Amino acid sequence: MTTTTDLQQEILNVTTAIPGVATVYPAAPAAQTILENVVSVITQQPAPLPISITETDGGIAVALTIGAATNTPAADLCRLVYDTLVDHFRQNSQPVASIRILIANIE
Amino acid sequence: MNDSQNDSEPATDADRTRRDPAELDGHTLDELSDYLDAGRAPADASIDSSPSCQIALTSLERLYRLSDTLLEAQASTEPDLDESWVAGILHNISRDSRAGRTIPVTHPDPAAELAITEGTVRGLVRAAGDMVEGLLVGRCRLDGDVTTPGAPITISVDASIGWGTSIPDAADRLREAIYGILIRHTDLTIAGVDITVDDVHNPAAKGSSR
Amino acid sequence: MGPQDQPIDLTVASDRILVGRAVDGDVRAFEALVRRYGLLIRVYAGRVLGSTADVDDVVQESLVQAWQHLPELMDPGAVKSWLMRIVSNKALDVLRRRREHGDITDHELRIPDDQIPTALVEKRSLEQALNAVLSDLPDQQRRCWVLREIGGYSYLEIGRNLDLPSSTVRGLIARARKNLIREMEGWR
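Protein chains in written order, with our numbering: chain R, 78 to 184; chain C, 275 to 484; chain P, 812 to 999.
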């Protein structure tokens, strides 16, 4: 049986392997580990899981937010990520209700 | 910055005002400050005709002028900002707060809900501006219903022109760069790009960085 | 192609441009503002607080808050005084907390001017000399003067924030002026 965490990891792996995907948000910011002495004034919110998965009658509903690399047209990349994930789920016979992909940054 | 060194020996009222009346022809420095703040109006003959008051007023004015530079002077003697301190601030600001509206990316499959944030598109406009020599892009607005695919959108950009750069020339190049980058990265229908050049900068250092 | 490949130099940009970019989400523009005014507002916070203890926290908190509220800034060209206002408010909050904890004494309100030493060490500039005098002023005297002349606060506002009668604030500022002018006149 596939757990949600496994599925999230799987989606993460597939997504990050796509050329042009620079980041999958909101992962824990890398800078956080570098800066031990950063201000404590702002409450650090726990990093939400990078990919949200909801079970629905029509299959899973996936939502992820990504950062795109500058050298890839962003809208095309968005479609490419979608198509890649749909293909991946089809191969694994995983019914999909919807996939929401948001580009939040071009870096 | 001594809290304690002078705690003892409270001053009497006589101490406090002691020097003023004698030196300032019956006026206090405080009165003179108020007189200055009021723009020396209504005119007070007893102040205007007193040489010592005039000297004090000149000193006060000089001090006012110095107030701001005083802080600057102090700042210039301080060690540079600590890099980890700067990084700490940047780490703690919320980028999400600038995401703006969600701009759809079209896809034939109805199960696809694809989009780019408005903040990302504004970032593209800045990136386009950064490619144009002699120009700096400031604020950028997307006017129109960006959430409806195909709706006409007008981009409004504030810019600063480098000293000696032709404005129409740079504006043309910027307009072209913005069209180009948005067509490449988004599905937006760009109806126009309005550029407002309302600032001038000295581009001498551009590219050389600090 | 992107700004990260060859970062443009934002240090030549005006405040208006930097604020516009930062409002739109450009972290580098905000960083340029932090670098442009960071030292100044730190010195300012130090002058108001009177100790270095809380300065870093106050300034960092202020700047993080500034990023958050930057879209509300009506006149982007006035960002410097706007930042100073935020820092002032944060510093005054700290002073209020200190006061609630009884960390502040009122002794300093009654120091005779003659006990304020003029700058003894030879200074390279008038500004340095006046800064030395400023450093030696009793906390409340310096604080009130700085809030009034640099922070642009009114006597009433200062009094309200420091829990002092306006008349006392007025007196403190008058004495600070006198001390500074005495030093300044020595430089004629």
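Incorrect hints may appear among the rest.
[Claimed, not checked] A partial selection of chain R residues facing chain C, derived with a Cβ cut-off under 10 Å: (1) I95; (2) D160; (3) I183.
Hints are computed from structural coordinates only; laboratory data are not their basis.
No experiment lies behind these values; they were computed from the predicted model shown.
Backbone N, C-alpha and C define an ideal beta-carbon position, used for all residues, glycine too.
Each hint, compared with the structure:
1. I95: 14 Å, violated
2. D160: At 8 Å from the nearest chain C Cβ, D160 (chain R) passes the 10 Å test, so the hint holds.
3. I183: 6 Å, holds
The structure fails to meet hint 1 from the earlier list, while all remaining hints are met.
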